[in-house]
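Novice: Okay, here's what each chain looks like letter by letter:
Protein chains: 2
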Amino acid sequence: MKIGIIGTGNIGGALARLWMAHGHEVVLGVRDEQKVEAVRGAFPGASVVLTEDATEGVEVVTLALPWPAVEPVLARMGPLAGKVLIDTNNPLKADLSGLKELGGRSAAEVIQQLHPEARVVKAFNTVGAAYLGHARVGDADAGGFYCGDDDGAKAVVAELVGQTGLVPVDCGPLRNARYLEAMAMLWINMAFGHRRGERFAFALLSDAASRANN
Amino acid sequence: MKIGIIGTGNIGGALARLWMAHGHEVVLGVRDEQKVEAVRGAFPGASVVLTEDATEGVEVVTLALPWPAVEPVLARMGPLAGKVLIDTNNPLKADLSGLKELGGRSAAEVIQQLHPEARVVKAFNTVGAAYLGHARVGDADAGGFYCGDDDGAKAVVAELVGQTGLVPVDCGPLRNARYLEAMAMLWINMAFGHRRGERFAFALLSDAASRANN
Numbered sequence: 001m002k003i004g005i006i007g008t009g010n011i012g013g014a015l016a017r018l019w020m021a022h023g024h025e026v027v028l029g030v031r032d033e034q035k036v037e038a039v040r041g042a043f044p045g046a047s048v049v050l051t052e053d054a055t056e057g058v059e060v061v062t063l064a065l066p067w068p069a070v071e072p073v074l075a076r077m078g079p080l081a082g083k084v085l086i087d088t089n090n091p092l093k094a095d096l097s098g099l100k101e102l103g104g105r106s107a108a109e110v111i112q113q114l115h116p117e118a119r120v121v122k123a124f125n126t127v128g129a130a131y132l133g134h135a136r137v138g139d140a141d142a143g144g145f146y147c148g149d150d151d152g153a154k155a156v157v158a159e160l161v162g163q164t165g166l167v168p169v170d171c172g173p174l175r176n177a178r179y180l181e182a183m184a185m186l187w188i189n190m191a192f193g194h195r196r197g198e199r200f201a202f203a204l205l206s207d208a209a210s211r212a213n214n
Numbered sequence: 001m002k003i004g005i006i007g008t009g010n011i012g013g014a015l016a017r018l019w020m021a022h023g024h025e026v027v028l029g030v031r032d033e034q035k036v037e038a039v040r041g042a043f044p045g046a047s048v049v050l051t052e053d054a055t056e057g058v059e060v061v062t063l064a065l066p067w068p069a070v071e072p073v074l075a076r077m078g079p080l081a082g083k084v085l086i087d088t089n090n091p092l093k094a095d096l097s098g099l100k101e102l103g104g105r106s107a108a109e110v111i112q113q114l115h116p117e118a119r120v121v122k123a124f125n126t127v128g129a130a131y132l133g134h135a136r137v138g139d140a141d142a143g144g145f146y147c148g149d150d151d152g153a154k155a156v157v158a159e160l161v162g163q164t165g166l167v168p169v170d171c172g173p174l175r176n177a178r179y180l181e182a183m184a185m186l187w188i189n190m191a192f193g194h195r196r197g198e199r200f201a202f203a204l205l206s207d208a209a210s211r212a213n214n
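Which chain is which? The protein sequence lines are A and B, in order. Under the numbering used here, the letters of the first sequence match residues 1 to 214, in that order. Under the numbering used here, the letters of the second sequence match residues 1 to 214, in that order.
Don't take each hint at face value.
[Said to hold, decoys possible] Pairs of lysine to any residue residues, derived as SDA-like cross-links and limited to a Cα-Cα distance of at most 25 Å, are as follows:
1. A/LYS93 <-> B/GLY128
2. B/LYS93 <-> A/LEU102
3. A/LYS93 <-> B/LYS100
4. B/LYS100 <-> A/GLY172
5. B/LYS93 <-> A/ARG175
6. B/LYS100 <-> A/PRO173
7. B/LYS100 <-> A/GLY98
8. A/LYS100 <-> A/GLN113
9. A/LYS2 <-> A/GLY104
10. A/LYS100 <-> B/LYS93
11. B/LYS93 <-> A/ARG105
12. B/LYS93 <-> A/GLY103
13. A/LYS93 <-> B/GLY104
14. B/LYS93 <-> B/ARG199
15. B/LYS100 <-> A/GLY104
16. B/LYS100 <-> B/GLY57
17. B/LYS2 <-> B/GLU37
18. A/LYS100 <-> B/GLU101
19. A/LYS100 <-> B/GLY172
20. A/LYS93 <-> B/GLY103
21. A/LYS100 <-> B/LYS100
[Said to hold, decoys possible] Per the computed footprint, the stretches of chain B lying under chain A, defined by three or more beta-carbons under 8 Å from a beta-carbon of chain A, are:
22. 168–176
23. 185–199
Bear in mind the hints are in silico, worked out from the structure with no lab data behind them. Note that CB positions come from ideal geometry on N, CA and C, so glycine has one too.
With the hints as extra help, turn the sequences into a complete structure.
Specialist: This is the structure:
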């Protein structure tokens, strides 16, 4: 699969390496020409282009940017019609004291409303980057919670989640992204506000006879 | 310890039995005299009294009621000064489509504001009653997430959480109850809205060298 990733920080960078290791073709979008060479050096095997060109020919676009960057970046990206758009954001207040008020909506729903032609799936927002590719935590594997309204897009994302080692957990419609963003905010508050550190992760345990995932 | 429990449904009833099994003295508060005998029969060993008398001499009061019942019940309860008040509620909309809008606050914070003399701790709201006393789920134990502003009260609740088999997870200040209520709403939506069933639970996995809990 050809996957565009906008943002090469902790989450975007880890996803790029893991997905390349699974044989995907990764296109990294960067802000300006000056960054291209450095990013190319850091991600051998990936294509590095300007953000506005990073959606060309890709089936999946992953947004791994801080929330304030999302709207301006989306505004200058190429066509998203029919593409799977993975939103990894948490719309944090600048002081990390909580989530921004988005009229009761999640960041994912805001993005879907801005781009109704894209197939938005929320994923990778509730887990520390350290667990991507290293999902075993104590006695179980960290959960890869995701949600969305397009079943086909969700199936694609479930596979990509699994390739990071996380256990894919279908959390229902995109509307439920508001709850996933709340879980992430709890994680952030526990990790940084209360100095627990980053070595913990949410999981969904299931002992249902069937449908352990999905 | 002497513990009052208001509400003898799935959660209140399970907590009553588990805490009695751990040697605590349990006082169950019921709405009217007509219910006393039936509840006494169902909970051998527990005292059963009217709700207004259920806080007398107890150190911990547990609210295990549907959200619409909480305010009227609190209004007619005895003094709560200095007592640990465990809030297990989720302020669900009547059609289960989401959480009630409480001015950005959690149910737990609303209760704390109504009764500043009590030491409110949020707990037992994110887990299905079936896992109380049976916390092993697949390869790990379900989490007993709790939060509050009074460290002494939280220590008491952490012990009571552990006695239900759940792994006590300190989730910070009472303000974070808004995130725990969001997690519960996600659970409810996945369980009932999307017919996953009730056989799953959230856990917090940790591989920190120390402070695995708390």
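Novice: Decide, hint by hint, whether the structure agrees.
Specialist: Hints and how they fare:
| no. | hint | result |
| --- | --- | --- |
| 1 | A/LYS93 <-> B/GLY128 | violated (32 Å) |
| 2 | B/LYS93 <-> A/LEU102 | holds (20 Å) |
| 3 | A/LYS93 <-> B/LYS100 | holds (23 Å) |
| 4 | B/LYS100 <-> A/GLY172 | holds (20 Å) |
| 5 | B/LYS93 <-> A/ARG175 | holds (15 Å) |
| 6 | B/LYS100 <-> A/PRO173 | holds (19 Å) |
| 7 | B/LYS100 <-> A/GLY98 | holds (19 Å) |
| 8 | A/LYS100 <-> A/GLN113 | holds (17 Å) |
| 9 | A/LYS2 <-> A/GLY104 | violated (34 Å) |
| 10 | A/LYS100 <-> B/LYS93 | holds (23 Å) |
| 11 | B/LYS93 <-> A/ARG105 | holds (17 Å) |
| 12 | B/LYS93 <-> A/GLY103 | holds (18 Å) |
| 13 | A/LYS93 <-> B/GLY104 | holds (15 Å) |
| 14 | B/LYS93 <-> B/ARG199 | holds (23 Å) |
| 15 | B/LYS100 <-> A/GLY104 | holds (11 Å) |
| 16 | B/LYS100 <-> B/GLY57 | violated (33 Å) |
| 17 | B/LYS2 <-> B/GLU37 | holds (21 Å) |
| 18 | A/LYS100 <-> B/GLU101 | holds (16 Å) |
| 19 | A/LYS100 <-> B/GLY172 | holds (20 Å) |
| 20 | A/LYS93 <-> B/GLY103 | holds (18 Å) |
| 21 | A/LYS100 <-> B/LYS100 | holds (18 Å) |
| 22 | 168–176 | holds (count 4) |
| 23 | 185–199 | holds (count 9) |
Violated hints for the displayed structure, listed by number in ascending order: 1, 9 and 16.
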